[in-house]
Every structure is written in C-alpha cells, then in structure tokens.
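Chemist: Listed below, chain by chain, are the residues.
Protein chains: 2
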Amino acid sequence: MDAPTQDELSQRRCKPCEGGVPALSREEAEATVRNVEGWMLDSDAKRITRSWTLADFMAGIDFFNRVAAIAEEQDHHPDLHLEGYRKVTIALSTHAVKGLTENDFILAAQINQVPVRVKG
Amino acid sequence: MDAPTQDELSQRRCKPCEGGVPALSREEAEATVRNVEGWMLDSDAKRITRSWTLADFMAGIDFFNRVAAIAEEQDHHPDLHLEGYRKVTIALSTHAVKGLTENDFILAAQINQVPVRVKG
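Chains as they are written, first to last, in this note's numbering: chain A, 1 to 120; chain B, 121 to 240.
In isolation and in its complexed conformation, chain A is listed as follows (with noise of 0.2 angstroms):
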C-alpha cells in the first residue's frame, strides 16, 4: 500500500474520534510507521511509541509542555513518561477503536517537528 509520508502526516488534522475514524489493519500501521521516524510498532500493532535520551530533566518538561500544545489543538492526547532524569517515552493510540488510527501517525509526525534538547 502507498502509505503517507512524514510530511504529508505532519500536514492533516486529526479527525475527531466522535465522528468515527477507521481503525488501521496491521499492514496500514507497518507501512505508516515505517515513514515516521523514531517509532516503532508494538507486537500487536495497536500502538507506537518512540523514545529519547534528553539533555536532562527540564528538556524532558520543556518537551512535554510542547508536544501537549500538539495534543491540544489536535485534540488527540499521547501517554507520557519521563523515567531515570532524562529519558523520554511518547505512546499513541486511540481509545476509540481500541487500536490506531491516522490520527495516532499524524500526531507522532508532528511530535518528531519539535525541537529537543539533547545532551550536547
């Protein structure tokens, strides 16, 4: 299948989930996340994460006040964990189809467009 690229990803909105939004098959979310970089699939492809090492424990908060402002405007809301000082952890799925939508690669191709600090 012809997947979107991370730049045609990081362009659309999410749609809302109250209007319905089609689950993907396991081989849409194996195409699609092959074009976003960082993520990675779970074995039972109903969820991506993707993680990064920080500078330290603010650019892990300067981080996460970036990626909500996303999350707010797209109205689409990620798991967040910030473990051992500066190692960052993102997750995306979507409650509604209890798997991924497009929704979850839009959202993880706009988090990848924010600027992280990384020990220098």
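Worth flagging that the hints you see were computed from the coordinates, not collected in a lab.
Careful, some of the hints might be misleading.
Simulated pairs of lysine-lysine, BS3-like, Cα-Cα distance not exceeding 30 angstroms [stated by the list, open to error]: (1) 119(A) with 98(A); (2) 218(B) with 46(A); (3) 239(B) with 119(A); (4) 15(A) with 135(B); (5) 46(A) with 87(A); (6) 119(A) with 166(B); (7) 98(A) with 135(B); (8) 207(B) with 46(A); (9) 135(B) with 46(A); (10) 135(B) with 218(B); (11) 119(A) with 218(B); (12) 207(B) with 98(A); (13) 46(A) with 98(A); (14) 87(A) with 166(B); (15) 218(B) with 15(A); (16) 15(A) with 166(B); (17) 166(B) with 218(B); (18) 218(B) with 207(B); (19) 98(A) with 239(B).
Fit chain B to the given chain A structure using the hints.
Modeler: Leaving out everything else, chain B in the frame of chain A:
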C-alpha cells in the same frame, strides 16, 4: 521507630546524593510511607508511587510543571507518567542507593502540597 510527619518532611531539604545519603531500611520506609498521604511502597521497599486522576490532560501537564519546579529546587527528580488522558503516576527512588532515602519522602511530602485540578 519514630518516623517524621508529612509536615516535618515537607519543611526539610533533600541532601545532595554526592555527600552520601543513607538508604532507609524496609522498616524505616514502611513507617515513613504511612505518614505521607496517598503514597505506596513497592513490594521490594525500593520505590514509592502515588497516582492521581485529574480533570483532564492539561491538568496533568500543569501538575508536572509544578512538580518539576520542586524537583529542580531540591535537585531530586521523580519519574513522571501521564496515561489515559488524565491519570498521573509519580514514582520516587534514589538512584545513588538503588532504593529509598529520606529525600524521596521529602519530595513526596512537598508534591502532596501541590494543588491539583480534579474532575469537578
């Protein structure tokens, strides 16, 4: 043993780990966690955690920002989790001793003083 109260803990400062900070025994950790509202001791007595269900995603982000300010001031940094849109979990342990020190309970007591926005 006579564990410090939540009020007493909240007024103390975390000691620098570089100076060597004593690990708490299981008995000390069990006695202290009872004084710090809402926190639970892991079964191996090496970590404490507390969870909150907040009003919404941004309530979680606001909480993280306030907790981060305390963490930076005390130079002691918790693990932060925001899952399922509005469930926050915070975990505390002291890397330098691979377990718990009074620092963890000081931070827990100070986190308990942060106002949180819960569902109205």
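Chemist: State for each hint whether it applies.
Modeler: Hint by hint, here is what the structure shows:
| no. | hint | verdict |
| --- | --- | --- |
| 1 | 119(A) with 98(A) | 36 angstroms, violated |
| 2 | 218(B) with 46(A) | 34 angstroms, violated |
| 3 | 239(B) with 119(A) | 38 angstroms, violated |
| 4 | 15(A) with 135(B) | 49 angstroms, violated |
| 5 | 46(A) with 87(A) | 23 angstroms, holds |
| 6 | 119(A) with 166(B) | 28 angstroms, holds |
| 7 | 98(A) with 135(B) | 45 angstroms, violated |
| 8 | 207(B) with 46(A) | 20 angstroms, holds |
| 9 | 135(B) with 46(A) | 43 angstroms, violated |
| 10 | 135(B) with 218(B) | 16 angstroms, holds |
| 11 | 119(A) with 218(B) | 24 angstroms, holds |
| 12 | 207(B) with 98(A) | 18 angstroms, holds |
| 13 | 46(A) with 98(A) | 7 angstroms, holds |
| 14 | 87(A) with 166(B) | 20 angstroms, holds |
| 15 | 218(B) with 15(A) | 45 angstroms, violated |
| 16 | 15(A) with 166(B) | 43 angstroms, violated |
| 17 | 166(B) with 218(B) | 7 angstroms, holds |
| 18 | 218(B) with 207(B) | 26 angstroms, holds |
| 19 | 98(A) with 239(B) | 24 angstroms, holds |
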